[in-house]
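> Based on the sequences and whatever the hints tell you, model everything.
Residue numbers (the working numbering), protein chains in the order written: chain A, 2 to 258; chain B, 641 to 899.
Just so you know, the hints here were simulated from the structure itself, not pulled from any lab data. Treat the hints with care, since some could be wrong.
[Stated by the list, open to error] With a straight-line cut-off of 30 Å between C-alpha atoms, the simulated DSSO-like cross-links for lysine-lysine are:
1) A:Lys142 to B:Lys818
2) B:Lys858 to A:Lys172
3) B:Lys672 to A:Lys128
4) B:Lys745 to B:Lys703
5) B:Lys818 to B:Lys707
6) B:Lys703 to B:Lys713
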Amino acid sequence: MRCAGTTALVTGGLKGIGLAIANRLADEGSTVYITDVDKPSEALSLNLNYINADVTNESDWKRVAQKIADERDSLDILVNNAGVDCVGPVQETSLINWRRVMSINVDGAFLGVKHCYNILSKARERKGGASIVNISSMLSKVGYIDTSGYNASKGAISSFTKAIAIEFASKNVSIRANSVHPGFVHTPLLQQGMQNLVNDGVADSVEVLFSTLAEMTPIGRMAEPNEIANAVLFLASDESSYMVGSELVIDGGWTAR
Amino acid sequence: MSRLENKVAFITGGTSGIGKATVYRLISEGAKVLFTGRNDAAGKAIAKETGSHFIHHDVTDSKGYEKISEIVKTQYERLDIAFANAGTEMGDTDIENINIEVWNKLVAINLTGAMLTTQMAVRLMRKNPDGPNGSIILNSSMNAHIPLGNFVTYSTTKGAHIALAKSTAVHCAGQGLKVRCNVIHPGVVETEMIKGVIAGAPDSDAARAMFEGMAPMKRMAHVNEIAGLVVYLGSDEAAFISGASYNIDGATTAGMMGV
Numbered sequence: 002m003r004c005a006g007t008t009a010l011v012t013g014g015l016k017g018i019g020l021a022i023a024n025r026l027a028d029e030g031s032t033v034y035i036t037d038v039d040k041p042s043e044a045l046s047l048n049l050n051y052i053n054a055d056v057t058n059e060s061d062w063k064r065v066a067q068k069i070a071d072e073r074d075s076l077d078i079l080v081n082n083a084g085v086d087c088v089g090p091v092q093e094t095s096l097i098n099w100r101r102v103m104s105i106n107v108d109g110a111f112l113g114v115k116h117c118y119n120i121l122s123k124a125r126e127r128k129g130g131a132s133i134v135n136i137s138s139m140l141s142k143v144g145y146i147d148t149s150g151y152n153a154s155k156g157a158i159s160s161f162t163k164a165i166a167i168e169f170a171s172k173n174v175s176i177r178a179n180s181v182h183p184g185f186v187h188t189p190l191l192q193q194g195m196q197n198l199v200n201d202g203v204a205d206s207v208e209v210l211f212s213t214l215a216e217m218t219p220i221g222r223m224a225e226p227n228e229i230a231n232a233v234l235f236l237a238s239d240e241s242s243y244m245v246g247s248e249l250v251i252d253g254g255w256t257a258r
Numbered sequence: 641m642s643r644l645e646n647k648v649a650f651i652t653g654g655t656s657g658i659g660k661a662t663v664y665r666l667i668s669e670g671a672k673v674l675f676t677g678r679n680d681a682a683g684k685a686i687a688k689e690t691g692s693h694f695i696h697h698d699v700t701d702s703k704g705y706e707k708i709s710e711i712v713k714t715q716y717e718r719l720d721i722a723f724a725n726a727g728t729e730m731g732d733t734d735i736e737n738i739n740i741e742v743w744n745k746l747v748a749i750n751l752t753g754a755m756l757t758t759q760m761a762v763r764l765m766r767k768n769p770d771g772p773n774g775s776i777i778l779n780s781s782m783n784a785h786i787p788l789g790n791f792v793t794y795s796t797t798k799g800a801h802i803a804l805a806k807s808t809a810v811h812c813a814g815q816g817l818k819v820r821c822n823v824i825h826p827g828v829v830e831t832e833m834i835k836g837v838i839a840g841a842p843d844s845d846a847a848r849a850m851f852e853g854m855a856p857m858k859r860m861a862h863v864n865e866i867a868g869l870v871v872y873l874g875s876d877e878a879a880f881i882s883g884a885s886y887n888i889d890g891a892t893t894a895g896m897m898g899v
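The following block contains the structure:
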C-alpha cells in the first residue's frame, strides 16, 4: 500500500472531494482523521476518524492538532481541502461574503499549516518527509465570470503553498508542500452552486448546467472526486518525494487552451 | 494489481538516465515496454534484464518511426503510454555564440524528435482496439521556466515542449480522442551524465555541492523520482489530466530562497 503506516488529516472531509481523498488515503493504508463543521448525517467508514472542527477557528485547530499528537504522535499528511464558493458579480459581492470565502479557503489553510507544523515536523520516518497538499483550483490560474472572490482565494492558496514549500525546504524542515488545481468536479458544492443558479432562473435544471460545463471542458466531461483524490494520493506518498512547490492541474485540458 | 497492467509503453532515450529508470519502473508496474536509443550494448542489456524490447533508433530519423509503428502494431497491437524523453544539450552555448549547425541539431533531437514521437503516438493510440486512448508525456525541464543563458537552444526547445503538449492535448480532446498529453519539468537529476560531470570536475565535492544547492531541497532528484511521475501520468488514475505542465524540481522554480 502506498501510504502504509501514515497518519493523515483531511479538512472538509465529510463530502465531495474531501471524502474521496479521505477514503483513498485510508484504502492505501493511512490512518485518516477528517474534520468538518457539519456533523455526519450517515455512518462513516470505520476507517475514518471524525473530528468536529471549523477551519476558521484557531482554538479548534489547536484541539485537532493536540488530539492527533496525543493519539498518533506525528502527522504525515495534511490535506487542506475545506472550501466554499463565492458567486456573484464583483460589484454586488458583499464584504461579508468576500471575507467568508477568504476566511474558509485561505485562513483555514494557513491555520492548518501553522498549528500542524509541530506534528508534521515529527514525521521523519518517510523518505519524502511529511506532505502538505493544499486544494486550490484551476481558477487560481484563469479568471471566470462572477467568481472573483473564489478566484482570489484560490490564487492565494497557490502562492501560500509555494511560499511555505520554499520556506521549509530552505530550512531543512522535512515537510513538502504542493497544490492541486481541479477543474469542474461533480461535488455537492458545485451541485448546490448550480442549484442556486437554477433558482435564479439562469437555467432550467442542474443537469443542463453540468452538461454545459462538460461541453466547455476540452475532454468533454467533468471530473469525478476520486480523480482529484488520485493526485492527492500521489503527492501524499513518497513517490512524489522530489515534488515541492509544484502545482498539479487536473482540469481535462481547460487551462491548456 | 499493478498500476500499468496490460498497458504497452514506448520510451525514447531509454538506454540511460531518466529514460532507463523509466523502463525499469514501467516494467515493475506491469507494462510491456518498448524503448529506443543509439547505444546498442546498453539497450540490449536493459532489454535482457527487464524483458523489455529495445529498438535502435535516433529520434531525428523520421523514417524510423514507421518501422517502430509497424512493430507496435504487429507485435503489441496497441500503444497506451509514450514518454518522449530523448534530449541533449551537447555543444549548446549562449545566443551570441550559438552556430546554426548546433542549433539545428539540438532542435532536431529535443523538439522535432519529441514532435515525431508524439505524432506517432497519437496515430497509434487513435487505432487502439478498445477505442482511441492513451497518455503521452513529454520530458521538458525546469529550464523551460528558468532558461539558462549559456544553453539557449536547450532552454528554447524545452520551453517549446509546453506548447507542443498543450496543442496536442487540445487537438486530441477536440477530436474526441481519449488521448492525453502532458509535460513534466524535472530539476537537476542525478543521472550518469551529471555524475560524470561531477567526477570530472577539478573539485568534485564543490561540483556536487553546486548541483545540490540549486534546489531549495538541497539535493538532486533521483531518476526514480521522475519515473514515478511518469507512472502516475501514464496510469488511468490521471484520466482527467491533459494539457498540464508539472514541475518536479525540489522547489527550484517555486520562488526565491531569500537570505
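> Confirm or reject each hint.
Here's how the hints hold up against the structure:
1. A:Lys142 to B:Lys818: holds (24 Å)
2. B:Lys858 to A:Lys172: holds (10 Å)
3. B:Lys672 to A:Lys128: holds (29 Å)
4. B:Lys745 to B:Lys703: Given that 30 Å is the threshold and the Cα spacing comes to 17 Å, the pair holds.
5. B:Lys818 to B:Lys707: holds (25 Å)
6. B:Lys703 to B:Lys713: With Cα atoms ~16 Å apart, lysine 703 of chain B and lysine 713 of chain B stay inside 30 Å; holds.
The structure fails none of the hints (numbered hints given earlier).
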